[in-house]
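Chains as they are written, first to last, in numbering that gives the first Met the number 0: chain A, 0 to 274; chain B, 0 to 230.
Think of the hints as simulated: they come from the structure by calculation, not from any bench. A hint or two may mislead.
Covered stretches of chain B, going by a simulated chain A footprint (3 or more residues, C-beta under 8 Å) [said to hold, decoys possible]:
id: 1; stretch: 46-60
id: 2; stretch: 75-82
id: 3; stretch: 94-106
Note that beta-carbon positions come from the ideal geometry of N, C-alpha and C, so glycine has one too.
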Amino acid sequence: MTQGAGLPAHFLRPGSSFMDFLAEHDPTWGRRLDVTGVEAPHGTTIVSCQFDGGVVMAGDRRATMGNVIAQRDIEKVFPVDEYSVVGIAGTAGLAVEMVRLFQTEVEHFEKIEGMGLSLEGKANRLASFIRGNLGMAFQGLAVVPLFAGYDSVLSRGRIFSYDVTGGRYEEHSYHAIGSGSPFARGSLKKLYREQISDADAVRICLQALYDAADDDSATGGPDLTRGIFPVVYSVAADGVRRLEEAELQTLVDSVVEQRFQRPDGPVADEGQARP
Amino acid sequence: MTMPFYVSPEQIIKDKADYARKGIARGRSVVVMQYDGGILFVAENPSRALHKISEIYDRIAFAAVGKYNEFENLRVAGVRYADLRGFSYDRADVTSRGLANAYAQTLGTVFTEAQKPYEVEIIVAEVGPDQASDQLYRLTFDGSVGDEHGFVAMGGASEAISGQLQALWQADLALPAALRMAVDALAEHGGQGPRTLDEKQLEVAVLERTRPRRAFRRIVGEQLASLLRDE
Numbered sequence: 000m001t002q003g004a005g006l007p008a009h010f011l012r013p014g015s016s017f018m019d020f021l022a023e024h025d026p027t028w029g030r031r032l033d034v035t036g037v038e039a040p041h042g043t044t045i046v047s048c049q050f051d052g053g054v055v056m057a058g059d060r061r062a063t064m065g066n067v068i069a070q071r072d073i074e075k076v077f078p079v080d081e082y083s084v085v086g087i088a089g090t091a092g093l094a095v096e097m098v099r100l101f102q103t104e105v106e107h108f109e110k111i112e113g114m115g116l117s118l119e120g121k122a123n124r125l126a127s128f129i130r131g132n133l134g135m136a137f138q139g140l141a142v143v144p145l146f147a148g149y150d151s152v153l154s155r156g157r158i159f160s161y162d163v164t165g166g167r168y169e170e171h172s173y174h175a176i177g178s179g180s181p182f183a184r185g186s187l188k189k190l191y192r193e194q195i196s197d198a199d200a201v202r203i204c205l206q207a208l209y210d211a212a213d214d215d216s217a218t219g220g221p222d223l224t225r226g227i228f229p230v231v232y233s234v235a236a237d238g239v240r241r242l243e244e245a246e247l248q249t250l251v252d253s254v255v256e257q258r259f260q261r262p263d264g265p266v267a268d269e270g271q272a273r274p
Numbered sequence: 000m001t002m003p004f005y006v007s008p009e010q011i012i013k014d015k016a017d018y019a020r021k022g023i024a025r026g027r028s029v030v031v032m033q034y035d036g037g038i039l040f041v042a043e044n045p046s047r048a049l050h051k052i053s054e055i056y057d058r059i060a061f062a063a064v065g066k067y068n069e070f071e072n073l074r075v076a077g078v079r080y081a082d083l084r085g086f087s088y089d090r091a092d093v094t095s096r097g098l099a100n101a102y103a104q105t106l107g108t109v110f111t112e113a114q115k116p117y118e119v120e121i122i123v124a125e126v127g128p129d130q131a132s133d134q135l136y137r138l139t140f141d142g143s144v145g146d147e148h149g150f151v152a153m154g155g156a157s158e159a160i161s162g163q164l165q166a167l168w169q170a171d172l173a174l175p176a177a178l179r180m181a182v183d184a185l186a187e188h189g190g191q192g193p194r195t196l197d198e199k200q201l202e203v204a205v206l207e208r209t210r211p212r213r214a215f216r217r218i219v220g221e222q223l224a225s226l227l228r229d230e
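Excised from the complex, chain A in its bound form (with noise of 0.2 Å):
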């Protein structure tokens, strides 16, 4: 940064975003290498669900490297903003700083233009920042995120999924990405009901990431050995809440408890569906 004459002539124009400042600043950054053939960490399985008046979203704790675990607490949902959040699966390296580019850029715009952007606004730029990754992601680096938030004009929680070429798509109700996601969709889908507590969403994403685990060698169940728990995070009118450790634990066990005496996990009431 240089600092001989003060602010450089770009820091003084116009324009609200962190990004396009970014390439202004520096045009090299983000300029990729050809890399084909790096073998990098991965991220696994991230599953979200909506509740009366919000949704929930949750991770697994594992990143693998081929058939190796690279890490086994790694993190990856995050808070983007007091109202939204953000799951990644993909390459861990270019996912996290993806991420953390999201967070300026939407923290960037709220203090430069005095308002937050929409909760659609948000998804919409993480599209275009998924697009700028497209060259990556064809080099076998691809990032892609799940998106959820509470939208403040409709006063619900909303839930956004992408494709690698920045496809945006909403859904309706519960979503999963990653390697694990097949089998986290399916226990989703079975275990979800309209109009449910913030206590139960978050119990039907643990059972979700359970599964995933179950079937999945590159999604990590609960450390319970070591303490490791999903990463859980619940948006709602009041901003972003991260379960805390002890929460958790009382929430795992109890799943854990369950899979003891029926290991498959919760049966679907079928008679529930019959009006």
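Following the hints, complete the assembly by docking chain B onto the known chain A.
Just chain B, lined up with the frame of chain A:
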């Protein structure tokens, strides 16, 4: 053939300084004050949209008087400086001292090199873990920096306001008392004669020491009115 008049460098600097001072003195005042739980900012500002007080980063805020477009430019540059630093290094590496230096360089360069100096005066404040580590930097139109303690008044009748606060300010003021003191000083000296200022004419914000991460909070509407009624 006409010859340009010779004007001595001293005269040029003096003229520019007088020009800037006059511009700043025309505006309404801002008071920044330490209280027991953080740093309080009070501006006489009837506008809800054009702010004189703003958040820069987690623990850092900005207050300004003078020409709006000029200090708004500096504010945006400050947010960029802070966000760029925080993104490139870490959030803990963004300091008010670094920002004050960058502002000082910018203001100094504009003052000596541009035709017209910036008609602004700004304060960069950072709330620390305890009151002794709070930082208040006052920057004037020519780029000089002052490291202040306790309270600062700038713009309009800043000297009279400072005089009044000098006699009253204490380190252990609670927020309502500090706010009352600042508002009274602004009301006493800001206009033609003593007046009363209500929440519609004031812009108030705090850097709260105990708030996690982003310490900046605006106090508006009913919350401000009830704080003003206190005592």
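Quick rundown of the hints versus the structure:
1. Counting residues of the stretch 46-60 of chain B whose beta-carbon sits less than 8 Å from any beta-carbon of chain A gives 5, enough to reach three: the coverage restraint holds.
2. Beta-carbon proximity to chain A at under 8 Å applies to 6 residues in the stretch 75-82 of chain B; the threshold of 3 is reached and the given coverage holds.
3. Only when three residues or more bring their CB closer than 8 Å to a CB of chain A does the claim for the stretch 94-106 of chain B stand; here the count is 7, and the claim holds.
The structure fails none of the hints (numbered hints given earlier).
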